[in-house]
Amino acid sequence: MFHEKFAEGIISAKQFNREDIEYILKKGKEMLSETNSNLLKGKILASLFFEPSTRTRLSFESAMYRLGGNVIGFHSEDVSSIMKGESIADTIRTVENYSDCIVMRHSLEGAARMASKFARVPIINAGSGSGEHPTQALLDLLTITEEFGSLDGLNIGLMGDLKYGRTVHSLSILLSYFDANVYFISPVELKMRNRDKDYLQQRRMNYKEITDYRKILDTLDILYMTRIQKERFIDLEEYEKVKGLYIFRQDDLANTKEKFRLLHPLPRITEISSDIDESEKAIYFKQTFYGIPMRKAILAELMKD
Amino acid sequence: MFHEKFAEGIISAKQFNREDIEYILKKGKEMLSETNSNLLKGKILASLFFEPSTRTRLSFESAMYRLGGNVIGFHSEDVSSIMKGESIADTIRTVENYSDCIVMRHSLEGAARMASKFARVPIINAGSGSGEHPTQALLDLLTITEEFGSLDGLNIGLMGDLKYGRTVHSLSILLSYFDANVYFISPVELKMRNRDKDYLQQRRMNYKEITDYRKILDTLDILYMTRIQKERFIDLEEYEKVKGLYIFRQDDLANTKEKFRLLHPLPRITEISSDIDESEKAIYFKQTFYGIPMRKAILAELMKD
Amino acid sequence: MFHEKFAEGIISAKQFNREDIEYILKKGKEMLSETNSNLLKGKILASLFFEPSTRTRLSFESAMYRLGGNVIGFHSEDVSSIMKGESIADTIRTVENYSDCIVMRHSLEGAARMASKFARVPIINAGSGSGEHPTQALLDLLTITEEFGSLDGLNIGLMGDLKYGRTVHSLSILLSYFDANVYFISPVELKMRNRDKDYLQQRRMNYKEITDYRKILDTLDILYMTRIQKERFIDLEEYEKVKGLYIFRQDDLANTKEKFRLLHPLPRITEISSDIDESEKAIYFKQTFYGIPMRKAILAELMKD
Chain A
5 MFHEKFAEGI ISAKQFNRED IEYILKKGKE MLSETNSNLL KGKILASLFF EPSTRTRLSF
65 ESAMYRLGGN VIGFHSEDVS SIMKGESIAD TIRTVENYSD CIVMRHSLEG AARMASKFAR
125 VPIINAGSGS GEHPTQALLD LLTITEEFGS LDGLNIGLMG DLKYGRTVHS LSILLSYFDA
185 NVYFISPVEL KMRNRDKDYL QQRRMNYKEI TDYRKILDTL DILYMTRIQK ERFIDLEEYE
245 KVKGLYIFRQ DDLANTKEKF RLLHPLPRIT EISSDIDESE KAIYFKQTFY GIPMRKAILA
305 ELMKD
Chain W
5 MFHEKFAEGI ISAKQFNRED IEYILKKGKE MLSETNSNLL KGKILASLFF EPSTRTRLSF
65 ESAMYRLGGN VIGFHSEDVS SIMKGESIAD TIRTVENYSD CIVMRHSLEG AARMASKFAR
125 VPIINAGSGS GEHPTQALLD LLTITEEFGS LDGLNIGLMG DLKYGRTVHS LSILLSYFDA
185 NVYFISPVEL KMRNRDKDYL QQRRMNYKEI TDYRKILDTL DILYMTRIQK ERFIDLEEYE
245 KVKGLYIFRQ DDLANTKEKF RLLHPLPRIT EISSDIDESE KAIYFKQTFY GIPMRKAILA
305 ELMKD
Chain H
5 MFHEKFAEGI ISAKQFNRED IEYILKKGKE MLSETNSNLL KGKILASLFF EPSTRTRLSF
65 ESAMYRLGGN VIGFHSEDVS SIMKGESIAD TIRTVENYSD CIVMRHSLEG AARMASKFAR
125 VPIINAGSGS GEHPTQALLD LLTITEEFGS LDGLNIGLMG DLKYGRTVHS LSILLSYFDA
185 NVYFISPVEL KMRNRDKDYL QQRRMNYKEI TDYRKILDTL DILYMTRIQK ERFIDLEEYE
245 KVKGLYIFRQ DDLANTKEKF RLLHPLPRIT EISSDIDESE KAIYFKQTFY GIPMRKAILA
305 ELMKD
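Protein chains in written order, with this note's numbering: chain A, 5 to 309; chain W, 5 to 309; chain H, 5 to 309.
Among the clues, some could well be false.
Chain copies aren't distinguished; within one or between two, either way the pair holds.
Said to hold, decoys possible - Quick list of in silico lysine-lysine cross-link-like pairs, BS3-like style, CA-CA up to 25 Å:
(1) K308 with K45
(2) K121 with K290
(3) K121 with K285
(4) K263 with K212
(5) K45 with K31
(6) K18 with K33
(7) K261 with K245
(8) K219 with K308
(9) K9 with K195
(10) K285 with K9
(11) K308 with K30
(12) K45 with K201
Everything labelled a hint here was simulated from the structure, so no lab data went into it.
Keep in mind it's a predicted model, so treat the numbers as computed, not measured.
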């Protein structure tokens, strides 16, 4: 049972097998037609954003309210002053007494995992440094399955910052359970890290690493673009070198299949030209729409009585 | 029908005609006796304050809760870091998927209008730079009609920063639909802008511009004071020159009619001496009280099914 | 009746007599078994944190939601910009129109008291500078009575920053109504202030001041530790001198009675070694758990119709 298997929460895409993924996607799909439930009436979600966020935080909060629940939390730019030097472990052991589930984002990769060791309530990892962002990956899959019917047999390009990009880390792990051809497209400086590739190789994932997306663009069903995240770079010179390398424009779009779809976890800065926003191939705003049913499903499962 | 006419939201006082104003004031008045409705149960208001605010934000949030709805949002002093360089258009196209209505404040005059072009949910302009603040003007009118019965035939002074003051811009537009004698009282540096006056002249509004309120104080029914807003000045020397020019005191109050009322959108700093707070002529706190029924009416109209 | 006596709110522990304390503790205990009430449905709590806070704020907000109510508020690190120079009195006279009760924290000792003079809704003092923090003291008492059955006859040490520590100020006042032996344990620089001791002497409280807790540790039933709060020191050299003076460790624990309990209002920094967290004598996280029923009881009483 999903509920029991994920009693500690959702920390990493590695917790999932194909059956789990299909189960939670089915639940996400069901939530598309669920309106104003009282499923989580009386429940409280603690939303702890140690790193700034708009869309993930608001998406979880909206999902929680749509299910009849309530939200407490913080989302400060100056968390250090809020915490007064307190450890994450202490924060978690306090907040678990105020809530039924904790969703958290932190700049440290191990933060959510560590929190789950201390908490009696489920922890949802809403982004752990450059590590993972599993619920984003789940909503991405919901978007893809709603658009294409199935995940198997698709040619999917993951492009941008594959080194520091937590969403592509989680997404590639989930995709390894499906029969998809995956291209990792990045400048050499931002290639997927070896430890991440080692894991995918163990899982016998079918992937190729390339630097020029134009070479394979006409074969792709999906291109998943990501922002080059300035805040992850220790060396800003490295950032300046790569920031403008990939910019998807109108002429790129012309070179794509009819059923081609362009995804992006957002925010996008300049990496997608805004003149293609109106194309039906550009579905990054629709993708945010799927965040609500997916997160409703996740919250409902984790807080089931 | 109000609901259809304002389907895109409330961006400017210029959207209203006399019938619209009277309709929404009537609805506001009705909300005075409405308690704990479930009118907006299951609905979500997104409250996006790109500029700091206490009273407007809390007033909308309270109104939403009083109607049974919920609120998500941000109100950061460091919005740039939250946005990570994202455009307003992208933020709106994301947040509209999480909510049923968006109330926003932004330092740019055109921000709310631009947002309304992108959103499928109604946008409420809660302050756009030095431009407008239409819901404040509506609550001001509700306050006046509750105190005086009618808007017609009143002598009304609008005083302070008429150049940058967004509340007086919206209020003067709404007043142009009524038979009121309006005095624009300001230092020459902070006179109403020509484009604003042009609009009011087209509307054949009956107004005079003066600098010394003492000359007409004994004829006024209403004096609407505003704060000189330091944050709007590009040149701080200009601010220093005008900041202490108008200070309403006990001896001013003595020179007013019995039915005279002093309004202020708040916050006030030094421009109204606190020793007159207890006078029944000073109704600026009562004015904040009318913010709740007025905003309940607005929210209920815009989110009507 | 508690409700009438505390109509202006809870500002200071000095408002309580033994009967009041016992009444509200009984109500707190009852809330332990109360789940998802609709007791405060339709009510709004305004949560105004002029000083940063996590646990107190989230605890009040969680309690309010558990009772079916809603919450508005601010908790900014940059309150000055939110306030735009507005006085606390004006903020309160505004926010009272948006809410049914106001909980506030402020760096000034007299802030909550001043607020209560202006507000028609009850004010809850959630920390006033180095002054008081009465609801923390009440939840501490609930914790103690749940652990020990009674407050009378206990040997209780209050240790750490007794000069600036607002929780110990409120707690010692409440304890003065019970037959407890109290030790004030602090470095000489952080002794209880004379004005606080004068009050306790008038109340004929049985207390001793000491500097070395080890001398009496084996006689204590309860040791209540507090953080040395860096933010209260004007002279940081004074802080450096005392910050590491008391660190409670495993070997201290070995010297305590079987029924000994260690409390701390949290956050703790280094003053309690984390290797004792798992001991059943260490109940500071359980203490945060009792914050919810205690605050539910307080909110329910103050907002009773």
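Now for the hints, and whether the structure bears them out:
1. K308 with K45: This pair counts as both: shortest intra-copy Cα distance 11 Å, inter-copy 22 Å.
2. K121 with K290: Result: close only across copies, 17 Å inter versus 35 Å intra.
3. K121 with K285: Close across copies (21 Å), not inside one copy (42 Å); limit 25 Å.
4. K263 with K212: within (22 Å within a copy, 64 Å between copies)
5. K45 with K31: both (19 Å within a copy, 24 Å between copies)
6. K18 with K33: within (22 Å within a copy, 43 Å between copies)
7. K261 with K245: Result: close neither inside a copy nor across copies, 31 Å intra and 64 Å inter.
8. K219 with K308: neither (47 Å within a copy, 51 Å between copies)
9. K9 with K195: neither (33 Å within a copy, 52 Å between copies)
10. K285 with K9: For K285 and K9, neither the intra-copy (37 Å) nor the inter-copy (32 Å) Cα distance is at most 25 Å.
11. K308 with K30: Answer is within; shortest intra-copy Cα gap is 16 Å, inter-copy 31 Å.
12. K45 with K201: neither (42 Å within a copy, 48 Å between copies)
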